[in-house]
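Engineer: Turn these sequences into a full structure, and let the hints steer you where they fit.
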Amino acid sequence: MKLVRSLMLLLCLSMVIAACGGAATPTAVPAAPTTAAATSTTASAAEATATVEVTAVAEVSPTVPTTTTTEPAGGSLVVYSGRSESLVAPLLELFTKETGIAVEVRYGDTAEMAAQILEEGENSPADVFFGQDAGALGALSDRFVQLDSSLLSLVDPRFASSEGKWVGASGRARVLVYNTDVLTSTDLPASILDLTKPEWKGRLAWAPTNGSLQAFVTALRVSQGEDVAKQWLEGLIANEIKVYESNSAIVKAVANGEVDAGLVNHYYLFALKKDQPDAKAANHYFSNGDIGSLVNVAGVGILQTAKNPEAAQAFASFLLSETAQNYFTEKTNEYPLVAGITTNPAIKPLSEITTPEIDLSNLKDLQGTLELLQDVGAIQ
Amino acid sequence: MLFKRLQLTRPRRWPALILTISAGLIALMMVLPLGYLLLRTSEAGDAAWAQLQRPTTLRVFTGSALLAITVTAGSLLIGLPLAWLTTRTNLPGARIWLGLIMLPMAIPSYIGAWAIIAVLGPRGLLQQWLAPLGVERLPEVYGFWGAAGALILFGYPYIVLNVRVALRKLDPALEEAARSLGQRSGQIFWRITLPQLRPALAAGSLLVVLYALSDFGAVSLLRYSSFTRAIYLQYRASFDRTGAAVLSLLLVGLACGLLAAEALSRGRARYYRSSAGVSRQAKVVALGRWRWPALIFCAVVVLFAVVLPIVAIVAWLIIGIRSGQAWNLQLADFGNSLLAASLAALVTIVLAFPVVFLAVRYPSRLTSLIERATYVGYALPGIVVALALVFWGANYLPWAYQTLGLLILAYAVRFLPQAIGSLRTSLLQINPRLEEAGRSLGQPPWRVVLSITLPLLRPGIVSGAALVFLSTLKELPATLLLGPTGFHTLATDIWNNTTELRFSQTALPALLLMLAACGSLALLLANERKT
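In order, the protein sequence lines correspond to chains A and C.
Take 0 as the starting number for the first sequence in numbering that gives the first Met the number 0 and just add one per residue.
Take 0 as the starting number for the second sequence in numbering that gives the first Met the number 0 and just add one per residue.
Just so you know, the hints here were simulated from the structure itself, not pulled from any lab data.
If you're wondering where the values come from, they're calculated on a predicted model, not measured in any experiment.
Heads up, the beta-carbon is just placed ideally off N, CA and C, and yes, glycines get one too.
Treat each hint with caution, since some may be false.
Examples of chain C residues lying across from chain A (beta carbon under 8 Å, computed) [unchecked claim]:
hint : residue
1    : PRO121
2    : LEU173
3    : GLU174
4    : PHE238
5    : ALA393
6    : ASN394
7    : PRO397
8    : GLN401
9    : LEU479
10   : GLY485
11   : ASN496
Sample of chain A residues lacking proximity to chain C, with all beta carbon distances greater than 12 Å (derived) [as the list claims (entries may be wrong)]:
hint : residue
12   : LEU150
13   : GLN213
14   : ALA281
15   : SER316
16   : THR322
Structural biologist: What follows is the structure, encoded as structure tokens:
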């Protein structure tokens, strides 16, 4: 039958492409030698994927002397990364280079990956979870092992779990991104609570469905009480604040003049400027100690069910090493959390934005925040 | 019911039993997500009740129902005329139009919605072009009408595809008989053609309605609170798997209501030619001066559904080239996409076959229940199906977890109804007497199926396979959660780049995705010509 034949043809074609491509992009598995993948060009796709897996397991770069000489029992380190590949893959390559530990990494949305780990339960293949939100890390606290105090002591206690279950690796500040055609820095308020004033009517944007905004609202509830939080939310809605789906969408909307200013994390501006270097947008940090300049973290936790606890430990240490900390501030425009690392001059140093006294592991009542946002009508 | 029929047709008992068992197993597999949801909800207890009683829940329920109905009505209004124009009339360039109007199936809704915002947004490309005329900003695209409009643009091809299969197999004898009895063309269409199209319209509408209920990309970017968005919110905002499960069950309930409504409309009509003689190709309708409105109609649809997203994608590509970014052509990911999508199409068609054969040839409550059960996965948001299979896979099939095999199964769970709808429409048009004739000549049942039923089913098989192929190309949540580690597809590339705001980098995988989709559409159209 023609149909069967054409389907078979398509299958063969895709297999060949998959096999060829395996050689072309070794990024899927860091440090996989291209020769191994190239030999599989003629093999079936099933074999091709098998080859990739084998190289991932067997590949421990022999040229690099390693501090951890133990070959992990269960093969390579399995990382579940809630941070995106374009940001993290080069860092993982550095890790493999430095330690000789091969890494298998899955990428996904931080919250979805947290749900995935919860569903996988005892059988989770993950050794470590590298998430970009303290809330997601907190949701997995019961699945994480207690971290070593030598590791925890490297960062300020407010950037780690108070129970020692996870540790922050890089910081992201909440800011007000504004259109530089419409506003100058002197127009901008000192406190985030001032945004409910009438002069901001119809000019602001937020993403109430977004995790970072919700983490901020939780912090507001914890630090200033339910009433202040509720009044602030209602004030913003009365001010006809515009709703967007994500931080990315807000930064884009601010840059093209759809709105004047929006509540986002600080680094989205830099991501936008990669595409549009002349984008008319800048970040405004709220003044010292204001709840508006909350700093959230991306961090790491080691799973109790990890098959390679030692490699996982090495990975957590690596994220707090000088190499990784420099990478975060230089490549992803985030805040290094370990003392003695020079912050990227493009971002306002952490020392100058005295963050409010908030314990990030105290931001667990996310359901309460979601309900509050629904009650006031921020989320329908 | 079933047994009565089986006794009446004694020689057929074995095939029927085997079919029932295999179809039952397939249906069981398809309700795996439902089992997972019930499990999660039962653990919740009071929390589940609390979730039910929240005012948001009711609002989301009515909002979703309204959206699904609007999208279906809109898709029918666009899809039915387009299918008729490209199949039965002398529309100039009909085949080119056909290719173009099917193209939206190749555009993931998350890309399409971004494109709509980029072009039609308050300060989008259109506003920039109109700025010299003094247009400061355009009206909001966000909300109900924005989301409904986007979903209609991505949904109407399901109607076109299903209706075309039926139109092409329609026996012109009935229409000719009506004409000889003095009916006018309009009357013939309403009284003869349309009723015969009912299974196809129903199958297409069902796909659209469930697609509208389960889509996430369009409703989230265009900010409309549907079930999908509310369910994602539960996962994303509070890591609350119970709240999400309760909402998902409600969504299943809504989908069941819609499925029941469609079942009532089906009735027991027969759609195959019953008398002697061979059916011919229908006569082509000359459009005459109606040609121009028809062309304008096609052009407007293509402008919004195809040109607009492509303009946005190309604009991103140009931005990327201008800012001198490095390109990495993801050839491996392209191959992975093709591999996964063609395997999914193959497996899904094979799984659909027993279900459809049973439901059409041995209609009973049981067989139609089996058929209906397979629709559960399609009504649910991708993330729910994906997490359900994470749960069953990791805990009960750890050896298969995060392998290509389980991923293909996940695709089948999500997209089986697309294959079932197409196959069903085709099978309804094949007279069972043909198969009986084959058997009466001493052929074993499997030979009859191979040599008579399958060749006649080809249009349905091809369109079903193409639908599953296209949907799999775009699929994201299951691919992310269940794919083998390091398994990248074009869809995951696009997702990875949009989350980092690198729109210029999404342009290339998006174009490759559309290229792959065009390939399968070309295959589909080429196949049509031969039959």
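Engineer: None of the hints should be skipped; say for each whether it holds.
Structural biologist: We went through each hint and held it up to the structure:
1. PRO121: At 5 Å from the nearest chain A Cβ, C/PRO121 passes the 8 Å test, so the hint holds.
2. LEU173: violated (29 Å)
3. GLU174: This hint is violated: C/GLU174 lies away from chain A, its Cβ roughly 29 Å from the closest one there, beyond 8 Å.
4. PHE238: holds (4 Å)
5. ALA393: Given a least distance of 4 Å, the restraint on C/ALA393 holds.
6. ASN394: holds (6 Å)
7. PRO397: holds (5 Å)
8. GLN401: holds (7 Å)
9. LEU479: With a minimum Cβ separation of about 5 Å from chain A (threshold 8 Å), the hint on C/LEU479 holds.
10. GLY485: For C/GLY485, the interface hint holds, since the closest Cβ of chain A sits about 4 Å away, which is under 8 Å.
11. ASN496: holds (7 Å)
12. LEU150: Holds, because the least Cβ-Cβ distance between A/LEU150 and chain C comes to about 24 Å, which exceeds 12 Å.
13. GLN213: Check fails; 5 Å does not lie beyond 12 Å.
14. ALA281: The claim holds: A/ALA281 sits with its nearest Cβ about 16 Å from chain C, beyond 12 Å.
15. SER316: holds (23 Å)
16. THR322: Given that every Cβ of chain C is farther than 12 Å from that of A/THR322, nearest at about 22 Å, it holds.
Figure legend: structure checked against the earlier numbered hints; hints not met, in rising order: 2, 3 and 13.
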